[in-house]
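Asks: In case you want the letters, here they are:
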Amino acid sequence: MKRIYFSETIKIIGAMVILFTPMIKAVGGESNGVAIVKKAYNDVQKETLDGKTEKAQISTPLFSEDKLKTGRKAFALVKFTEDNSIIRMREQAVLTIKSGGLRNSTMKEAFLEKGGIGFDVSKQRNNQQFQLTSPTSVASIRGTKGKWCRGEHSDTLILIEGKVLLRNRLSNNEVEIEGGFIGFSNDDGTIEKRGATDGELADAVRFASTDESSRQIKIEMKDPKGTKKTLKLDYKE
Amino acid sequence: MKRILFSRWTSFWLLGILTIIIYNPVFTQISGTVSRVSIGTPQTGIPLSVQVDLFQSSIVEKIEIAFRRFGEQEFKQGEMSLIGATATILLPGEIIEPPFIEYYFIITIEGRPEPETYPIENPKSQPFKISFESVESIENKLLVLSPDRDEVLRSDELLISFSLANIDTALVVLPLKIMFDEIDLSALIIRYGDLVVLRPQNAAIDIQPGKHQAKVEIIDSTGVAQHSYTWQFTLEGPAVPRMKDTSVISPWRYAASVQLETRQEHISDRTTPYNRATLSANGSYKEFEVRGFLFNTNEERAVRQPQNRYYIIGESPWLKIGYGDVFPVYPDLIMNGKRVRGFFTNLTLNKFNLDYVKGTITRRVEGNIGEPILDSLLNESQRSDPTAVFRFYDSLDGLARWVKVKPGTFSRDIMVVRPSFGRRYGSHWGISYLKSKDDPTSILFGARPQENVVFGSDLNVSIDRENFELSGQIAFSATNKDITNGSFSDSDIDSLFADSEEKERNDMRKIRDLVKNIITVNENLIPLNMKHLPTLSYETSLKLNYFNNNFRFTYLRHGDGYESFGQSYLRTDVQGYSLSDRLRLMDNRLFISGGYEQLQDNTSFSKPATTTFSTINTGVSYYPASISIPNMSIAFLRSANLNDLSNADTNAVVDESTNRFIIQLQKEIIYIIKHNAQLSFSTSVHDDNSPRNFDTQNISLGLGVVSTFEIPLQTIFNINVNTSKYYSSRGTENNVTYTTLYISGQYRMLEDKLILNGALSPTFGSLQRILITASAQHYFLDYLSAQTSFNFYINNKIIGMQESQTDIIWTFTLRADI
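For the record, the sequence lines run as chains A and B.
All letters in the first sequence, in the order written, are residues 1 to 237 by our numbering.
All letters in the second sequence, in the order written, are residues 1 to 818 by our numbering.
Hints listed in this document are in silico derivations from the structure and should not be mistaken for laboratory results.
Backbone N, C-alpha and C fix where the C-beta goes; we use that ideal spot for every residue, glycine too.
Mixed in with the good hints there might be a few duds.
Reference listing, derived: stretches of chain A covered by chain B, where coverage requires no fewer than 3 residues with Cβ under 8 angstroms from a Cβ of chain B [unchecked claim]:
no.	stretch
1	36-46
2	52-64
3	81-90
Below, computed lysine-lysine pairings styled on PhoX-like, alpha-carbon distance capped at 20 angstroms [what the hints assert, rightly or not]:
no.	chain 1	residue 1	chain 2	residue 2
4	A	Lys98	A	Lys123
5	B	Lys481	B	Lys406
6	A	Lys67	A	Lys55
7	A	Lys163	B	Lys667
8	A	Lys98	B	Lys753
9	A	Lys123	B	Lys674
10	B	Lys435	B	Lys481
11	B	Lys435	B	Lys516
12	A	Lys67	A	Lys98
13	A	Lys123	B	Lys667
14	B	Lys516	B	Lys481
15	B	Lys76	B	Lys124
16	A	Lys163	B	Lys674
17	A	Lys163	A	Lys123
18	B	Lys129	B	Lys667
Not everything, but these chain B residues come out facing chain A in the computed CB check (under 10 angstroms) [unchecked claim]:
no.	residue
19	Asp156
20	Leu159
21	Leu195
22	Leu198
23	Thr708
Chain B on its own, in the form it takes in the complex:
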């Protein structure tokens, strides 16, 4: 019977889609820009990969993800690495905690003044959620196969082996470091995919009986250990003498992968071709490694920021040097999530470390000008477009002519240096200096080139095996918003400070001479005075992990004028604290979370009122050992924003609150075959008591079932109902209600060498769209595969679209892993 069913299915799925089974699928909302979101399996403390596939990558300038831990009010942001039609990012492990991580996307589209979000409506009050299927500690992620923890074994039977099968795929490709006691044996690693094997007997070392330790680290491209695991064991029996011949395993290792892709997008009666090639390769000799990456696309154009990507990195255990595109990670207040094209290095010694990067963060893009206008018409033109930039063009018959300039983008350089003292991944103290400047000569038609410097310091004290961690950072910035005319001249100072005494003007000249070596000093410099320290920011946090509690206290202050060109995503003008605790009970199967956060703005007392942002949250998650009881998570969050202005002040008064309730159930069901079912329900009610009355309500209900057949076929069924009510600025009530069905299947045949996928996803209601996708992937050889996919989008009613249209995307990819 199954066979008959299968043959019918096969004829349908033969068109297949490459999707989703690998990652948790998110397909509950529809968008004209985002095709699919894929999330890795969340595990506490482990960085989590997020991938977004786009419909039309050529129109997307950049894509950012806003994310937060459960119970926090502020979303942190990071720019995703956009390569072709795929944007990826690794969310930091420190925010990956049950019961949820919340996120949404901010997509900047070429030619549009405002970015769009995904989900489209109310992303902050109704963001996407990443829930935990089960709770596993870091230690459960890396599976130690041999020796077991505290195992006693014979010296000649020593084998260090572990599996990366449960490690996120984004991390698996990263280099490994294995220490046997204090000896780095990484050069002896043998990998069979996820299986890693190492025989210390093959090294030129004596192996003595007694207690020993093995340590594994997964190192990311910035040199940071994304994953670390240590365990002890005891050897007995006779010692294993040092091997005379250590050439059993070649110290030379190499790997490479090539991917070629062609993609045709037929959208709005316009076909756009994309051709992309990706090449990555690495080779190593003992602990020295060189790796390179090259991505080339026909989307690369001089009028856009770079679309091609490349880097080459040389690395040893203590030094890393590279050139190319990199996302350097420095303390949050200094730099994080910004792409730099240039030179970078990381030096790691026992008690001293140095990080340095120098390169370009924006490439020059020339501006353009309009038709010349006569001097007599200039005033009228300026009145009609007050924000426009006009520039003198020429004189015609003695009459001046002007042109309206559409400013281009200056080339912006950046340099960051950070020496630190102590252990890079433990207790340390660091100081940072960032300098960034636009090159005013890089383009002809530009406006307001800028300059920025940041000084910072950070401290981390981590003791008692990281159960006690005190950390803090402080930074002071200075930004010049227009350096076109350079620093003040002596006559500028005399003219501007004519009322001051000569001594004061002389002091100003001295200060100018001192400071202008660091940053241009003129009237556009921020800060111009130190009252309330507007460009000072600091954060401090205390983490305690005792008695089954994860307690965290944070205090922060970000000045309203603080700015770092290396960090675009910092919320400024805010200060306050947050407290949170997560209690683990019943052998880490029951989690009780709670937290309170209170932040205030108006740090410089420059606003008419101070607004207080308060959030309180509580949640319970239960992951039972028995599969007959479902996993459960229930959470309630309340946030309120309030200032003390009266309702008469309609523009500035803030008086609003949001209540959110979330429940998720997940259970494995055996009915003929195995099913994994998930039910989620959430509500959000935003009550705006100000005269603006921007009330919103949202209810979301979702049911998903993943079924695994024996044939082997895996199917996914999802239904999601979403209803929102909100008020526009004119006071009119709007209702958006839609239901999305998602049915997909994946069938593997020819001993997994051919993978067929298919999906159908209609959306009904206020939004109407039908998605049909199909793909096939064939492994000709273990290391060579080809993949093709078709995506049909029948859009009948989508926000932002005037009329119905059918979009088609076809992709063909050839991939080889050597």
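The shape of chain A in the complex, shown without the other chains:
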């Protein structure tokens, strides 16, 4: 009797799967937004995992594995939905947002391929994790702000306050960077730190706290012969 029942159950489940899969696939669904573009000036592009590219603008949502690219004189301010952490992308940077864990947001990662960013990461709760990463390095952030840059042969981390554990992926060497210090994680696996200069700290504060105010306006004009010309105006507010 039990076997008969189980056999019936398996048939029912099989039928459910067959019936529901195509129906549900047809209507689709939405995944969880990990971050949002709060400000975007000039050329900012978003590239999804499947290679689709679109212009990123104010209110563009970012999902896990979305890539954000800033062009020349471009700026983007990204806010994370779980903890209000902020990343300020400067010009000609390439950054991929990743997330995972509970409700797809407890583990957050900003993977920097190119350029520089300022970060202002909120204090992470017990079940939260925030990492700044690059192909070379991993910086585990607990709640602090500073500047994270990817150079040709090394990554640079300038910390304004707090502490960050900086790890080199190639050698697994680690160093703790405190506020007021600068750390370098190099492509040869070495990792080092020293006190940041006043200029470096001021630069980190600017990266982490201020929005790029430079904007560009393009005006299309025609000369008396009817030839189109584009006038580009750069200005600061």
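Keeping the supplied structure of chain A fixed, place chain B upon it in accordance with the hints.
Replies: This is chain B only, laid out in the frame that chain A set:
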């Protein structure tokens, strides 16, 4: 090394269990009925979800939760919504305050006269506790992404965006309302899971420079705003003109979810199958929304109260209408926590509101009868079972025959109406009327159909941004305990009041004629006189929130005969007051709490003595900013119950006290990976100085560690030692000591598309059981998942079980979210 370790782990965890990581796990006590308790993350002032998973849902008639704020003596109760093997409830936000919320469960099991509790022993003196991991205000729950509070930004850059990531999952699914200044822009909401985005520029409005305000509300199914957040910002630069084309975002929105579940329970050599389907769907056009819910199970039977659930609701900002199963919320003395199947509506205008519900709270369940017995044997049968109901059956050869009736349940209707004047969520005055009645014709074999009416009024004065709140409610009830024979006839009055004068009898007839339009008037009516107002209840409270203090004063009186069929959980025959204060120091990181409560019974002076129930409590909680210092909570509570009878009166004398001491530490530890450790210790000593001498002692020690690996693997390790000593009514000493270990792991793979869980939990000592659970959940697509779980319970020694047995539960669930 981690990879090698992981591959070994994987082979073990492949069987996995769906659990617990999502919610705070509670697995410190064992039960033959409750499989698991999951609690959301407690945040001050925010409703908190509690979920109970049961082993055998078919034997559970209902499950209730008793809960109280730290320092209160009286537990409030609420019936949990039982759907399938899962019971859920949202605890009201007003009781969610640090340092603890205490609770236990009351489970009514089919065929058992007394409900069981969880925890099984001493639930009132040693209830479960919900502690706070950290203290965050309501404002920190909803994360505003844009604009920031008081931000100055350009008009064309305006974006209203916020995140629900830290909002309880039970609330996230509820509808949102977003106001830009006084304009409702909810129709423009775009949601990406927890991320909510709205561009006011897309609405047909002019956006002018200057100060503006955004307001977000999460509205529950009863229309109540469970969460509200308001912030201001300033716009500058040129105004954004009204858009000509407002069709940028479709005003039509829809969503649906389907869940199919099959479950096999092999318990006590008996396999019981369950098949369940849940369908929910909602669609909206601008601010108008329709949503529906349907739960269907093979447990639905005519001999039980309804197990299927359904509702359909239509809603606009000012009117909500629905039909189906609903848990209406009215003032506490009138109705709360009771399921009604029927029609309901809520009207919300600027200065006038109306709430109305009409439906059935119990479904008819036919009774049954035993074998006929001869008239000559009736007396003997009645003597052997004095509480039984006997009914005339027939005459056989001129001899009457009787049958013993097992009474069924009458169909019970209810109607509640409450107009109120003022703001629904602010200062207002309301009046309520409840009428409920059993239908005596609904079943053939029943006993003592009843009727109940309640009149009530409530007032709330909330000023200075809710820092000053004065509220009160008063209600008067009348209940008829048996309406079988209807109201008194004229001859009944003449016969019963034969000694009274004719004028008095005439007055009684007039009163009967007046009152019988409201409730049946006969000798079973309560109250029959107004001396000491036995069915009058009232409560009043004052809340002040100034100078970092949360001060509360409450005075209440519940008459001993007060009853509302819409509220089963009110403690009657009690009056008294309570005072409490919570002082916030060090930027809301240090909390000092204290309170005193004194209640007395015998409100009608009908008992031989008045018992005084006193509780005093004090507690300190510290949530340091630095993670190098652990979170700490220490609390002491003393309660004493005393009346002035001498010890010679062994049945009625009350002289007892309970001292409780609680300490909890919590710390994040980084050792290779991140661990979150929690240590708790509590003692309870109950000293009964009456001749009954029901002394009890309980000590509980728990250690839990949640570890998060990078792979990503999350593990939980818990050990809990519980020892109790108590005396039975025969004076014998009983000792129950047991230790429960709980080890679980969750591993995510295939980019979180496959989640594997596993747990092992042995219990040693006076209770002996081994729990092994395993589950796997796979997301085929973002919106389609399947989940299977196995639970093995090897019960060697459990209270209420005669011999050891192994129970197995297997579940398969298919879920789709559209």
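Asks: Check the structure against each numbered hint from earlier and tell me which ones fail, lowest number first.
Replies: When the structure is compared with the hints, none of them turns out to be violated.
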